[in-house]
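J.: Protein sequences, first through last, are from chains U and W.
Per this note's numbering, the very first residue in the first sequence carries number 1; after that it's consecutive.
Per this note's numbering, the very first residue in the second sequence carries number 1001; after that it's consecutive.
Since the hints were derived computationally from the structure, they do not count as laboratory data.
Mixed in with the good hints, there may be bad ones.
Stated by the list, open to error - Derived contacts from chain U toward chain W, CB cut-off under 7 Å, selection only:
hint	residue
1	S29
2	S130
3	S147
4	S148
5	T158
6	A198
7	P251
8	A259
9	S294
10	F455
Stated by the list, open to error - The calculated EDC-like cross-link candidates involving lysine to aspartate or glutamate, where the alpha carbons are at most 16 Å apart (straight line), are:
hint	chain 1	residue 1	chain 2	residue 2
11	U	K309	W	E1075
12	U	K9	W	D1188
13	W	K1161	W	D1049
By construction, the Cβ of each residue, glycine as well, lies at the ideal position given by its N, Cα and C atoms.
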Amino acid sequence: MSGRTLFDKVWDQHVVEDLGDGMNLMFVSRHVISELSGHRAQLEIGRRGLKTRNPELTLGTMDHVVSTVPGARGGPAPWADKIIDGFRAESRKSGLRLYDIGEDGQGIVHVIGPELGFTQPGTLLVCADSHSCTHGALGALAWGIGSSELAHVLATQTIVQQRPRTMRVRFDGAPARGVTAKDLILALIGRIGTAGGAGYAVEYAGEAICNMEVEGRLTVCNLSIELGAKVGMVAPDEKTYSYLKGRRLAPSGALWNQALAHWRTLPTDPTAHFDVEHRVDASALAPQITWGTSPEDVIAVDGTVPDTKPEARAYMGLSAGQRIAGTRIDRVFIGSCTNSRLSDLRAAAAVLGGRKAAQHVRAWAVPGSWRVKQDAEAEGLHEVFLAAGFEWREAGCSMCVAANGDYVEPLARCVSTSNRNFVGRQGPQARTHLASPATAAAAAVAGEIVDIRGF
Amino acid sequence: MERFSTLSATAAPLPQQNVDTDFIIRIERCTGTPREEIGRYAFETARFDKDGSENPEFALNQPQYRGAKILVCGEFFGTGSSREMAVWALAGMGIRCLIAPSFGQIFYGNCFQNGLLPIVLASSQVGELMRAAAEGKTFEIDLEKQTVNGTIGFEIAPRRKKMLLEGLDEIALTLAMEPKIAAFQAADRERRPWIYA
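Isolated chain U, as found in the complex (with noise of 0.2 Å):
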């Protein structure tokens, strides 16, 4: 007979009703909500007369449109304080756990559920959000959702799904000096495709998984849904238990011990069987970048730019055959639900490391959340990070989805840790090269895009 997925596991253990034909309705056991998606719903649901079914397993905070200026306290202009104000408003009437602006807890939904402990392996998780496939590298099973999905988990704590196939994807090796989770998932993206992973729930697994730190694995899951995937997940092992372990949301005391022997039963079975596999040899691999306007055109970044899509080629002000090192930057970008996280900080700051940023260069770095910035401060990162010329700014999503003015100004050329390059994505007509908070560093201090390997 053969095992079962982690994937497998974890979904059934949440389906309340088959509704036939793949599609269930799903118990959500951990949802995730911030002010820009989730106010509509709030009030959607305000209108209809019927309240949030479950605050406790409810968990807000502010992101997408709060201000990262320096000591700012609230959103970047009127229309952002509306939101932010009705959010907080209807999460503290609903009951629910919100983490404000200004607190410990407060940042970017898919920092702080993990940084938290709220995110565990096998709970079912959603947010309406895409990237809410982060939270699946703590074996949990997590995807975005839309904002009536949003409005449907905040009234009845379930959500109508279909079941998607499996695919797992094996990392084979010890990835090279330079080599980091981010240039893993990306080169994975450019070898199967933004849509070769649409339909499936993905299982990372493989020897750098397994050695790869829980912020990594966090990066790789990030990315999935650049794979088309709204579903990935790492096995949890001994990594997620101690990352866990002591979080204020985590378990406690005698339920921590039930909980880690639940967690124990998740991993996938050696029996079970994927519907699709994939191996890359991480050993292999350059650090990457993107030179086009999707996740899925990226290079080494020893590598040149292809002639394929020229429109793409167009946008990003780039010729066919070029080197990409050597490409002039204007920005750079560290943060993001991708790299922001301390981990991230300390591989940028090291990178850094008492050198200054080129003087043409305006670079930010953009902590992922309170808590990151308080602990990044703690180890004196900041101090790197403003001494190399860079702004040291709040908490929140930021230039990587521009929603709060923070932005990168037409034309301009960005490279930035975050997740889409798409066209006019952190702002109209900015360039964004995708890559790794190591390469972002060592591309501010060169002043172009620069193979971090030699630098």
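Starting from the known structure of chain U, fit chain W onto it as the hints suggest.
T.: Frame of chain U; chain W shown alone:
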């Protein structure tokens, strides 16, 4: 929710691949624009020049596609952000049906929540329909029979089909299942008490 049964309308060709939801609706339009006004900002950067005038190159600005209610799209239409405003924007400009070889998964689900029908067909069939759209032909969509132009069949999950045909509200349907949800939760609380601590 608005019902969907049959549709007879022009279809506009939009052959670009990987059209993302950021492109369908810019983030600035998601922060406060009333839902009933959001349609005017669909595909904003492609539809309008910098001075606000219409870009005549963009299909939906061309006279033959002004009343289009169908879009024939390239691969992986609606990839990226979960923003449902992308669907609201399309609906706001009168689109009721999308045809593509594949869709962004969250976008695909969001369509059904708003009475839009996303149809997945083989690339060759989409190519054929793209040519028909370029010729300005009127398309006939029949959800009950699951056909495009009478001869091309498409798949749809039966529950999704029923919801569109009858204009059902998913929240209302699920609220009626509350006893089952409560029973599930009570059993789960026994089994995994730490989840509820």
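J.: Take the hints in turn and mark each one as holding or not.
T.: Quick rundown of the hints versus the structure:
no.: 1; hint: S29; in the structure: holds, 5 Å
no.: 2; hint: S130; in the structure: holds, 4 Å
no.: 3; hint: S147; in the structure: holds, 4 Å
no.: 4; hint: S148; in the structure: holds, 4 Å
no.: 5; hint: T158; in the structure: holds, 6 Å
no.: 6; hint: A198; in the structure: holds, 6 Å
no.: 7; hint: P251; in the structure: holds, 4 Å
no.: 8; hint: A259; in the structure: holds, 4 Å
no.: 9; hint: S294; in the structure: holds, 5 Å
no.: 10; hint: F455; in the structure: violated, 32 Å
no.: 11; hint: U:K309 with W:E1075; in the structure: holds, 14 Å
no.: 12; hint: U:K9 with W:D1188; in the structure: holds, 14 Å
no.: 13; hint: W:K1161 with W:D1049; in the structure: violated, 39 Å
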